[in-house]
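Participant: Residues per chain, in single letters:
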Amino acid sequence: MTIVELAQLLTGLFPFGFIKIGILLLILIYLAFAAIIVRQDDLMSRVVEIPFSPLLRLIGALHFLAVIIVFLLAVFLL
Amino acid sequence: MPDVYTKAPVKKRINGLTPQGGSLSAFAVLPKDIRFETQEANEEIVIFLRQHVIVNAGWIFASIILALLPTIVEILLSGTNLLPTLPAGYYVVIPALWYLGLFGYIFVSFLHWYFNIYIVTNERVVDIDWVSLLYKHFASTRLDKVQDVSYKQAGILDLFFNFGHVYIQTAGSEQNFEFAAVPKPDLIVRQINELVEEKNGHSL
Numbered sequence: 001m002t003i004v005e006l007a008q009l010l011t012g013l014f015p016f017g018f019i020k021i022g023i024l025l026l027i028l029i030y031l032a033f034a035a036i037i038v039r040q041d042d043l044m045s046r047v048v049e050i051p052f053s054p055l056l057r058l059i060g061a062l063h064f065l066a067v068i069i070v071f072l073l074a075v076f077l078l
Numbered sequence: 001m002p003d004v005y006t007k008a009p010v011k012k013r014i015n016g017l018t019p020q021g022g023s024l025s026a027f028a029v030l031p032k033d034i035r036f037e038t039q040e041a042n043e044e045i046v047i048f049l050r051q052h053v054i055v056n057a058g059w060i061f062a063s064i065i066l067a068l069l070p071t072i073v074e075i076l077l078s079g080t081n082l083l084p085t086l087p088a089g090y091y092v093v094i095p096a097l098w099y100l101g102l103f104g105y106i107f108v109s110f111l112h113w114y115f116n117i118y119i120v121t122n123e124r125v126v127d128i129d130w131v132s133l134l135y136k137h138f139a140s141t142r143l144d145k146v147q148d149v150s151y152k153q154a155g156i157l158d159l160f161f162n163f164g165h166v167y168i169q170t171a172g173s174e175q176n177f178e179f180a181a182v183p184k185p186d187l188i189v190r191q192i193n194e195l196v197e198e199k200n201g202h203s204l
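Going line by line, the protein sequences match chains A and B.
Sequential numbering from 1 applies to the first sequence in this note's numbering.
Sequential numbering from 1 applies to the second sequence in this note's numbering.
Next up, chain A with everything else stripped away, as it sits in the complex:
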C-alpha cells in the first residue's frame, strides 16, 4: 500500500479527522497563549497595585478555563 492509498483510506474512514486534529492543535496553541495572559496579568498586577486588577485576574482565569472547555468540546463533539 502506497502513502497515497493510505491517506485515501484514512480520509475515507475519518473524513473530518485531519480538520479535527488541526482544530485541536489550534486550541492547544491558544491554550498556551491564555496561560501566558494569566501569568503576565498576575505579574503586572504586582508591579502596579490597582483596585481593579483582581477583577482582571479573574477574567484572565475564566478565559483560560473557557479555552479548556472549548478544547474538551472539540475532543468530544468533532
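The set of hints was computed from the structure by calculation and includes no laboratory data.
Do not take every clue at face value.
Quick partial rundown of chain B residues pointing at chain A, CB under 8 Å, derived from the structure [stated by the list, open to error]:
#, residue
1, 30
2, 33
3, 92
4, 96
5, 98
6, 100
7, 113
8, 124
9, 131
10, 133
11, 138
Please read all numbers here as calculations on a predicted model, not as lab measurements.
Note that beta-carbon positions come from the ideal geometry of N, C-alpha and C, so glycine has one too.
Chain A is fixed; fit chain B onto it per the hints.
Facilitator: Positioned in the frame of chain A, the structure of chain B alone reads:
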C-alpha cells in the same frame, strides 16, 4: 456624635492639584488606592497616567467588525451553495473558538492599555511599559535628574481630544522618557516643572 455629622476631611493638595480620576482613568491626580512596585514609604503619586482613551478606538472598531463578521458571512452565503456541509459539532466548536479568540484579542488590547502606565511622584518619574505579552519594561528617574520637559501635539485628533507626547530629558547617561499619547500634556509638563522646581530650588 454620629459619624455622619463629623466634618468631611479636607482634600489633600499638591501644587494646587486636588485628587481626581479613578483607577480606570487615563489621568488621575493624587490617587489614593494605587501603588507601584518600588514605591518608597514617603513617596506619593502626584499624577498617574495612561494613554488617552481614544487610542483604544482602533481595536474597539476592529473587534466590532470581527464580532459581526460570522453573521455577515452567514447572511451573504445563506442563499448560495458555498457554505460547506459540516457535522453538527463544527457549528458549535468553530464559532466558540472564533469568539474566544476575539475575546482574547479584546482582553490583551485592554490589558496593554491598562498596564502601560506613566507615574509622576513627588520624588521621581516612572515609566512602566507592557510592550507585549512577553516583554515588560520598568524605568524611573529622580526629579533632580530631570533637565528638560516638553510636549508635542500633532494632528487633528491630538488637538481635538487634548492629548500628546511628553518628553522628559534627563542628565548625562540617564535614560530619556517619553509619555506617549497622554491626556492634558500641557498640565503634565507644568506639574513636572513645578515638582522639579520644588525639588531643586530652581526652575528648569
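Participant: Each of the hints needs a verdict: does it hold here or not?
Facilitator: Evaluated hints:
no.	hint	verdict
1	30	violated, 15 Å
2	33	holds, 5 Å
3	92	holds, 6 Å
4	96	holds, 5 Å
5	98	violated, 10 Å
6	100	holds, 6 Å
7	113	violated, 12 Å
8	124	violated, 15 Å
9	131	violated, 11 Å
10	133	holds, 5 Å
11	138	holds, 7 Å
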